[in-house]
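From these two lone chains plus the hints, build me the complex, please.
In case you want the letters, here they are:
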Amino acid sequence: MTEFRPDPDDPPARGEAPPSGEEPAAAPPDVPADLPEGTSPAAAPPGPPTRAGSASQGGLPASGPVGPPIPADATVGASDWNPLPARALPVFVAGELPFAVLLALMSGAAASVLTFVATSSVGRTFAQGLAGALLGLGWALWLSVRRFARTFWRLDAHGLSVREGRLWQREIRVPATRVQHLDLTRGPLQRGRDLATLVVHTAGSRHDAVTVPDLDAADAERLRDALSRQVDRDLDD
Amino acid sequence: MTDPAGTSDAVGDTPTDTPQRLHPMSWLFVLLAQLRQYLIPLIALFVLGRKDSPGRAPPSWDRWDSELWPLLGVAVLAASSVWRYFTYGYGIGQDALRIRSGVLSRSLRIIPFARIHNVAIEQTLLHRLFGVASVRLESAGSERPEAEMRVLSMDAAIALEALVRRHTTVGPPSAVADAQARSTSATAPAVGGPVTLLRLPLREIVLQGLLSNRGLIALGAVFAALAQPGLNFDWGLPWRLTERLLRRTIGEDQGALARAEPLLLATYGALVLVCALVALRLLSVALTLLQDHGFTLTREGRRITVERGLVSRVRASISRRRIQAWTVREPLLHRLAHRRTLAIDNAAGAGEEGSGHTLRELAPLVTPAQADRLIHDLAPATGWPAVEWRRLPGSHWWRRAAPVAAVLLLLSLGLGWHLGAAGLLPLLLLPLVAWAARRKAELARWAVTDSLVAVKEGWLERTWRFAELDKLQAVELSRSPIDRGCGTATLWLDTAGASGLGPPLRIAYLPAAEAQRLADILTEALAHRPLRW
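Top to bottom, those sequences are chains A and B.
Heads up: the first sequence runs through residues 1 to 237, numbered per my numbering.
Heads up: the second sequence runs through residues 1 to 533, numbered per my numbering.
Bound-form chain B, shown alone (with noise of 0.2 angstroms):
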């Protein structure tokens, strides 16, 4: 592969203004990633479409419908990709860079560098083939990336990611700049290089693997594809299987199949739960293998990286202040093995959720004294760990058990009706659900500092959120009936790039007067500091 003239060393350090190309094989990346999106029409169209032709003709250009019509879909695809590796062009200007590109329709991008939010590098096994990568530039709020270059030559990548890190580094000279670099320079004089900040090795990479739960995820996507409804898949399968093998070991004799049944029916049913649990464990590790393997997070400057991956590597990078809130969690069997996971929201790449591209997972595995290292390390000025938790009233330990009882005593209603004394069994979960309750409302902790603002919540899992001052966006302050009735209220707290799913930024139970005061306090803090992010 050979670069086009000088491309890595332009991009390297004088910024010059001169269009620049992608490397040459970037075709075959665009064509791969379109076929993506027609992968599986195409493929339907093969499969099903042959089996609805009886009389099984070959392939020709003859029928409307032949099959090979798909085939000249690519080829148009293809002309198109290489079409657009002529018509792509950027180039690096002072504090911004210009892409041009379109193929009818020409289209000029200027992204300043200080607006760049996320640097994502990702090479797959292909990419590797070829020493290049495919690079995305991500600002805030958008769910597309601003530029997704597919693909430069790994140099150019790095080095187009290193001039995103200098310009924001740099920055503009403002005072909130200035204080920022200060304290950086404060905590850690090693601007220069690099800094390893965390990498785990192999032994953490299994442990996360047999501590998570991907192995499920992933075989509950396997059983949603074996449902489509084109593929007819056979149910009744395994079944059919596991009756085969018993007739085998057993032999034919109906007798003596009836009066091994229980018994061997109970052996084969525990070791295909065992093996399934140890499958499902294996799968994960192996998962965890592929996706985390070589995680490094490493800093240089106000700059944090993270590369991970086995086979494709992900390499996703973000300045340090673009950090919107934490969140550090520990599942029960996390826990148990004494660890747990770190990780961030970002304001950029909102629209992918879980796809690795975004930098969110921080640390997936480290000891809780790691944890409050890593935060310390990278926000100082949250003061964490030390931070004054307070507690909430205990009174309305009852509240947070309401709904599941109510669920609870609807379900034994309804059972009891059908079913008589029998039907309240679900009762007896009653007391547990009210201990977990208590022992929620016991745990429960919030704090509001001059600088951030935490919550820690859960049991058996224990999450711990919190994000700066300065990232807070809005405040609600809402009251249910309830509430009301219990003269409480509920703070929420909105920051950018929050996902719907994971714990939120939000103190529940506290007494009406304290919310409103918090509140209050946090409006005006906020309405003192400008943004920042």
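Next up, chain A with everything else stripped away, as it sits in the complex (with noise of 0.2 angstroms):
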């Protein structure tokens, strides 16, 4: 089986990463993660140990001055994948209920359907409808904690990419010259956990909107304050 590189069956070990800091999969420990790294992105630290953040720089055509390039206190985690912070998980799960409801709905009429066909007990069908559903909601969570264990972002030189999904994976690039406007939104459960969705709002039509869900706060302001700053300059001109 061939994958994306880097490898997204081989994550971040997400346990490693203490709950409050989600740099450390991204920049060297000796580095506080709000200075500025003063560094090109492909001049990234030596690759945090289970990404192949390298390898993904590999098949870019290496390239002089990558202009007008983005500011580099604003490179987040350089050019590597980051993660959604872990304490994301609950909040990034719960965004994902109307979709497990409907999955437990569905394996429980599906399950009473098929007990009430061949038994035709109405005790039995409600039994067995009562464990379809929560079955269906069984695995419904289980995709969206895997789901969450999927999702990346990574801003580069050239804009912002997200990657997400499992079974199903893509993987979205919006050049920072692309990018319209922003939104940064804050739902109550997000308040208290300290994050962010960002929406980059493009021209485009099938991807007119690319969300970055539950990112942690700081990121996302930064990731913000980076693109935005590169549609001042589109304007500029």
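Hints are computed from structural coordinates only; laboratory data are not their basis.
The beta carbon of each residue, even a glycine, is placed where N, CA and C say it ideally should be.
Treat the hints with care, since some could be wrong.
Label pairs and their in silico Cβ distance ranges [unchecked claim]:
{"hint": "1", "chain 1": "B", "residue 1": "Ser80", "chain 2": "A", "residue 2": "Ala110", "range": "54 to 62 angstroms"}
{"hint": "2", "chain 1": "B", "residue 1": "Ser105", "chain 2": "A", "residue 2": "Val113", "range": "39 to 47 angstroms"}
{"hint": "3", "chain 1": "B", "residue 1": "Gln37", "chain 2": "A", "residue 2": "Pro98", "range": "29 to 37 angstroms"}
{"hint": "4", "chain 1": "B", "residue 1": "Leu429", "chain 2": "A", "residue 2": "Phe116", "range": "33 to 41 angstroms"}
{"hint": "5", "chain 1": "A", "residue 1": "Arg146", "chain 2": "B", "residue 2": "Ala434", "range": "53 to 61 angstroms"}
{"hint": "6", "chain 1": "A", "residue 1": "Gly187", "chain 2": "B", "residue 2": "Val74", "range": "45 to 53 angstroms"}
{"hint": "7", "chain 1": "A", "residue 1": "Arg146", "chain 2": "B", "residue 2": "Val272", "range": "55 to 63 angstroms"}
{"hint": "8", "chain 1": "A", "residue 1": "Ala110", "chain 2": "B", "residue 2": "Gly423", "range": "23 to 31 angstroms"}
Covered stretches of chain B, going by a simulated chain A footprint (3 or more residues, C-beta under 8 angstroms) [stated by the list, open to error]:
{"hint": "9", "stretch": "146 to 157"}
{"hint": "10", "stretch": "466 to 479"}
In structure tokens form, the structure reads like this:
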């Protein structure tokens, strides 16, 4: 099985990351996350142990001055793929609850119909339907957790990339020059855990709004600032 | 019809900021437009309302559910239309159009000329009677027009269009605009007057009607209308008519009827089928004539304009650089007739698919050579048609067949369960499906150059779709479980104003490494090119 590079089947050890600091996966330990790194993305610190961050850069045609570059202080985690903070898991799963409920209802209905056809006993239909619904709910929640573990974002010199999905994987790249405007939203659950959702609007049709859910709030703000600086630059010329 | 003093003159040359009015007859068109919204409810009220009252009392104002109440509504609407005429004014500034409107809450809208992507001038029969036109100004991304001027005198409308054209042509003195102007003058030295790029003669329009399926769509609409629950259309009527016709030709003798029936029915059936086909084609031709009669595509400077229509004329124009993506189609019938269609995506007017207001169809029917020349004229930077097409690895043809094959298998399983061996007949289609998939895989091509991204798909109906690199908005790399098993990936390229129905700008079944490389190259290229749209 060939995967996208870096191999998403090999996610960073989430347990290693302290709950409050999602930077360690990206930045070398001696560089405080907030400080400007002052390095070009290609000179990213030697990879975090688990990620093949350099591999993803390998395919890029090496170019000279990348212009107009995103300010160095904005390259959160340089060129590496960043996971969502571990504390975002409950919020992320809660966000997918409608899908989970739908799946639960469907599997519950399927189980009860099958039971009723087979036994035509109301009591057993009810019990098996309930069991089916619970099973569906559990499956959906498990899928959400897996999806959470497979959601990554990256800001490099070219723009923002988002990678998501497990069975159906996709990677969306929005060049910074194509950003129209940015939304930062914080729901009540997100406020409690210092999270934010970033929506990047483009002029496209299929990807007119690219969402990065449940980012660390500080990361989200830095992403927004970095990408909106690019918008300003475009308007100036 | 007397113009308000100097309307057309003022719009013409010197930019003035003095507020101007719409055409004095505009209240009529506003009223009609408003009435059209209420037309169906009104008719329903009249028709259904009457059915419900058994006594058939004459219309009167006495009853609370009188049929005359709608008339009062019409009067109110008429009064508000007149009022709107007196409150709507527009002025032309140095580089923006200002529109003041609003009956109770007043609003002032300032539309910079540089932001207007699409100018559409529409003239129905009634408009032509009064010598007026309704003008729509559309900017990118908005579903509704920035301004809908209902109505201006035709002179004022054309002058306004020319004004927008001049302003976007002269444009801001950026390097980009200069480069564009240079490339324009290189290919078309005659910037002065309009250059006709394409004019469809009557013969071509009739041919287009014959090739198209517009009649079928119209017929579908008629059936859908008849199926409305309120109408209670008697679906048995056609059959009873046929039977009556049969009886009239043969007579009432049951025996003769029974004997003659098979042959007669077959003849009748064939006749009806032929008549229906001929009628459909005629309907198609008639609709095409209505819509496309006198189709002309002209270019003036960097702005291209399409004019079309027999009874109601539509004139839409956009700047050449607003073209977001191109689609060339060649359905089977078109290929037999050696013709193609050429359409473009346009960021403006996204909300009105197929309304004909925004410029989407660049050429409804052209020969392949003409299509290539048009594209070369309008987008010389792409180098079309000299594009280096690349093939996809042919070993994945079975994946194109897989969805249909899976449906066929399920179908024959289900049928086989009920009917036995006869139910397995759908499986006979499998070789056909496989062959079609093979042909499609063999014919599929893609190209990524330093100026455009293009895909070519299809076997019976062939489509080419491409966009200039500058017009790409986002890049998506996606992999299904099957993709991962086969080591392939799909590259989606997003452009503005793309319709979900048309062929996507997507390279499927690419080897994963190649897809990754392309995505990297494209992302980097986009990061260096500012968005211009």
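Okay, the hints, checked on the actual structure:
A beta carbon spacing of about 55 angstroms between Ser80/B and Ala110/A agrees with the range 54 to 62 angstroms that was offered as a hint. Checked against the hint of 39 to 47 angstroms, the pair Ser105/B and Val113/A fails, with Cβ atoms roughly 55 angstroms apart. The hinted window of 29 to 37 angstroms between Gln37/B and Pro98/A holds, with their beta carbons roughly 35 angstroms apart. At about 37 angstroms, the CB distance of Leu429/B to Phe116/A agrees with the hint of 33 to 41 angstroms.
Taken as a hint, the range 53 to 61 angstroms is violated for the pair Arg146/A and Ala434/B, whose Cβ atoms sit roughly 36 angstroms apart. Checking the proposed 45 to 53 angstroms range against Gly187/A and Val74/B shows it holds: the Cβ atoms sit about 48 angstroms from each other. Remark: the range hint 55 to 63 angstroms for Arg146/A to Val272/B is upheld by a beta-carbon distance near 58 angstroms. Taken as a hint, the range 23 to 31 angstroms holds for the pair Ala110/A and Gly423/B, whose Cβ atoms sit roughly 26 angstroms apart.
Only residues whose C-beta sits within less than 8 angstroms of a C-beta in chain A count toward coverage, and the stretch 146 to 157 of chain B has 0 of them, not enough to reach three; the restraint is violated. Counting residues of the stretch 466 to 479 of chain B whose CB lies closer than 8 angstroms to any CB of chain A gives 8, which reaches the minimum of 3, so the coverage claim holds.
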